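There are 2 protein chains.
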Amino acid sequence: MSQSATQPVVAVLGATGLVGQKLIALLEKRRFPLSRLKPLASQRTAGQQIQFAGQSVEVEEACPEAFEGVDLVLASAGGAISQALVHQAVARGAVVVDNTSCFRMHPDVPLVVAGVNNEALDAHNGVIANPNCSTAQLMPVLKALMPLGGGLQRVVVSTYQSVSGAGKEAIDELRQKSKLAVDCAPGEYPTGYACFARPMAFNLIPHIDVFMEEAPYQGYTKEEWKLIVETRKILDLPQLPITATAVRVPVMVGHSESVTVDFNQPVSLDEVTAALRAADDVVLSDGLTDYPTPLETEGTDPVYVGRLRRDASNPEAGVSMWVVADNLMIGAALNAVRLAEALVARGLVTPRSQCAHLFEPAAATA
Amino acid sequence: MSQSATQPVVAVLGATGLVGQKLIALLEKRRFPLSRLKPLASQRTAGQQIQFAGQSVEVEEACPEAFEGVDLVLASAGGAISQALVHQAVARGAVVVDNTSCFRMHPDVPLVVAGVNNEALDAHNGVIANPNCSTAQLMPVLKALMPLGGGLQRVVVSTYQSVSGAGKEAIDELRQKSKLAVDCAPGEYPTGYACFARPMAFNLIPHIDVFMEEAPYQGYTKEEWKLIVETRKILDLPQLPITATAVRVPVMVGHSESVTVDFNQPVSLDEVTAALRAADDVVLSDGLTDYPTPLETEGTDPVYVGRLRRDASNPEAGVSMWVVADNLMIGAALNAVRLAEALVARGLVTPRSQCAHLFEPAAATA
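First to last, the sequence lines map onto chains S and D. Under my numbering, the first residue of the first sequence is numbered 3, with each subsequent residue one higher. Under my numbering, the first residue of the second sequence is numbered 3, with each subsequent residue one higher.
Please note that a few of the clues may not be correct.
[Stated by the list, open to error] Now the in silico label distances, taken between C-beta atoms and shown as ranges:
| no. | chain 1 | residue 1 | chain 2 | residue 2 | range |
| --- | --- | --- | --- | --- | --- |
| 1 | S | THR352 | D | PRO188 | 17 to 25 Å |
| 2 | S | GLU60 | D | ALA187 | 36 to 44 Å |
| 3 | D | LEU182 | S | ASP292 | 40 to 48 Å |
| 4 | S | ASP185 | D | ASP292 | 27 to 35 Å |
| 5 | S | GLU215 | D | GLN178 | 43 to 51 Å |
| 6 | D | ARG279 | S | ASP110 | 20 to 28 Å |
[As the list claims (entries may be wrong)] If the Cβ cut is set under 7 Å, some of the chain D residues that face chain S in the computed set are:
| no. | residue |
| --- | --- |
| 7 | ARG177 |
| 8 | LYS181 |
| 9 | CYS197 |
| 10 | PRO201 |
| 11 | GLU216 |
| 12 | GLN241 |
| 13 | ILE244 |
| 14 | VAL253 |
Keep in mind the hints are simulated off the structure, nothing from the lab. Since the model is a prediction, treat every value here as computed from it, not as a measurement. We put the CB at the ideal spot given by N, CA and C, even for glycine.
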């Protein structure tokens, strides 16, 4: 590779997955400064060749020793893999941007949306968590609204989440079952789904991740709980009243959210409009009919906001809106790469970074 | 027909449409007491034979004279047809249960959900309005909750509405375009939809009916406005704070709603559970994983409620839930037939009904 050896060695954990592929494409597209890319995956896909910056790179098997000499890890191989390997990478001196839910609520782990709370990166101890997709896209919006109307009083969210949030297999299954279901009469729909708890083609499933059994979140799904507690952590509003209903919809890529925001004091629609127009990473629709849809925003970077209006149930101090983003981008890969960029820009990742770590660092190797 | 001639003559206006076919099937299935069925439709489909109670009945062209001798009309041929013909039917002595939005908010027209506010039927002046599908399914739920916690303080609804709400052509179009779209790469999706403002296959459209241009509903769609103002009228809560975001989803039949309800005073989840279990027409899920989905409830009568839980943003006095029903049934045909049954039971429709009418009745004909 042509990059300077003073640039970090970057490993992508889960390199052959849906988000891993996006991560590698974004590292190339955004010309991330690295001296070497190290794609890591399970034994099953290790040995595959991937293309990066005009060169062929072999996927290596993810194991503790694979992190020797790695400065930065972008981890997106699922919770069990992160649980097993992130500490191993940190122990070897790497900084890890983790895309799973393993470490997000750990008090010593910054949970960061790029452009929203980058300052939290400075306190990292080797691991930075990337929030859940449905949380991430809401953050630039709520961050922009926080200064208005004496602050946020309450947020009510209903999500419309695409199947890509459940991985490549889920997209394949929706495709396959949709072909079978499209001409079915009621009662003849295909069953036997592998990736979903119920039939997904031409249906809705209000059930993402497991159910929470204990108060105060009893009856919520873990996906909904994530949106609630991650939002509070990222915005540093530990008491924010917020609720969510998370629903899987038969869309391939792109998450949508119906969001109602109450402020503590009256706020004008003009103020809200101006705040969203000024917000980084947010594209506010111009007119009534110019609303975003997930299919039409697939593959793009911003968070799109449309249908902004005074809330008829709280006209003085409330607004409702429709928020759409590519869940694989700001909700996953794009945010991870932007966090990596911010770490470099803040001097928090350099080759053989010497920052403090959560765990006893192993002796640095060349 | 074998029914007594002392039973009413019933016309179905829009007999060949999606809801009209359901209306006729329900009249037969529920053994509605009628002396004659008169299916009416546009010139295009007049002359078709339909099956009813073992006999073949010819569809007649809908025109003012077709209502001569008709006692009861179930109208479901769209707003323009109702605007043109409902008065003509009433002028000829018929009582009309109208499924369009034409007369719903008229102060002299009762807007009724069977089992929720049947008493409003008594004040009718020839026309009874059947509410919008997304309103209708919510009413048995809110009616059951109204007595709790000092009354409803606020309701926030996000809908997930199937394409059948836009008619038979919309189902056909979703089928056809889904076949084209299922293997498409991003950017290659089929366009040129006839029934929808944007691509519908594997997509979401937060835009049902036209946009409202004036305060206090500026920025709402008319579908959302309907849900708001119809709910207030049916529940006789003219000031109820309620908001809605209405979204079309790629589901064939069945509307779903994510609903957050605030009460004026603290209310326990047990109270809410008991009220919903006791409510007519409502089926409350037993356990966490027993939630309803639209595909699985197609063709059935009840309103299904699942995911009932304390609202994390208002744990003392709020609940959230997931409400699913077949929009062609309680949201349209079933409610119309049940209203017709209630009219008969209350003596409000009898052959050559003599009740007061909105308009000068024409001379009764044999």
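Which numbered hints turn out to be false for this structure?
-> 1, 2, 3, 6, 9, 11, 12
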